[in-house]
Amino acid sequence: MSEVDLDAPIPYMQRTREYYLALGYDNPYRWAHHEDVPFTKLGKPLAEARLALITTAAPYQPDAGDQGPGAPYNGKAKFFEVYSGSTADDPDLRISHLGYDRDHTSAEDPNTWFPLARLREAVAAGRIGALTPRFHGAPTNRSQRTTREIDAPELLKRCLEDEADAVLLVPT
Amino acid sequence: MSLVARHIEAHGIPTVIMGCAKDVVEHAGVPRFLFSDFPLGNSAGKPFDVESQRQTLELALRLLESATEPRTTVQSPQRWSDDPSWKLDYSNAARLSPEEIAARRRAFDAAKAEARAKTGRS
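Those protein sequences? They're chains Y and U, same order as listed.
All residue numbers in the first sequence are consecutive under our numbering, ending with 172.
All residue numbers in the second sequence are consecutive under our numbering, ending with 122.
Calculated directly from the structure, the hints in this document are not laboratory data.
None of the hints are false.
Under the rule of at most 16 Å between Cα atoms (straight-line distance), these lysine to aspartate or glutamate pairs were calculated in the EDC-like manner:
1) U:Lys22 <-> Y:Asp7
2) Y:Lys76 <-> U:Asp109
3) Y:Lys157 <-> Y:Glu81
4) U:Lys22 <-> Y:Asp5
5) Y:Lys76 <-> Y:Asp63
6) Y:Lys41 <-> U:Glu69
7) Y:Lys44 <-> U:Glu65
8) Y:Lys76 <-> Y:Asp66
9) Y:Lys41 <-> U:Glu65
10) Y:Lys44 <-> Y:Glu163
11) Y:Lys76 <-> U:Glu114
Among the chain U residues that face chain Y by a calculated CB cut under 10 Å, a handful are:
12) Val4
13) Ile13
14) Asp23
15) Ala28
16) Asn42
17) Gly45
18) Arg54
19) Ala60
20) Trp86
21) Asp89
22) Glu114
We put the CB at the ideal spot given by N, CA and C, even for glycine.
Generate coordinates for the entire structure from the input sequences, incorporating the hints supplied.
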């Protein structure tokens, strides 16, 4: 990457492919790709809408080793089923199970991956009508088929149960 | 997450994704995407910078309100740093010594084995 290119976003797909090839794995990951993209218009003013929050962060598990801040990659901290928590609480969520940029991110401030505090402020200011009573956790590093057939329908079901008018998804 | 957003949107609930991996999310194809050109792990704004986080959320909310068609990406005007050299480090094989590459391979294999042991999958 030349200095000129540094103004462009990191080409993660290319970078990852080359990285795993260099490590000796020659069966490159195939990123999901679609031609058609669905679209639904927001049906009411945001100030009257209920917003749901979906995260890839994991609840802290005391028995699952170092989960940060600043922990090395920790596969033991992963979760494998959709979970939900109350948006009225302040959950202890970590990202040690995810491939975030460990050179330039210390993972000390959860607000960089889980914007619940900022969302509450937006509700208090009248910008958003309300948050749904629950936020939801989406498992990662699953096969695309598992995500499509099990996790995505389960997350949709929970958003419908909570009568969400819109959903904010925050991957890490 | 892109697959989840697509599924929810297809069933009638509008979605917006906040993220830092532009090529991955756009390759999948999603309805609305707020892109922050930050290191992975900072999708919702800069650490200990409430104003950055507030602005990032506000941009996502505006996108939810204003997009008129799918694949609408908005890029946050925020910069991580005046020095963009952080972009050279992430998973960059060209910057690793043979010893580092071997160590990372061992760590990757160990992490995979742990995950397998936990799920009982092979």
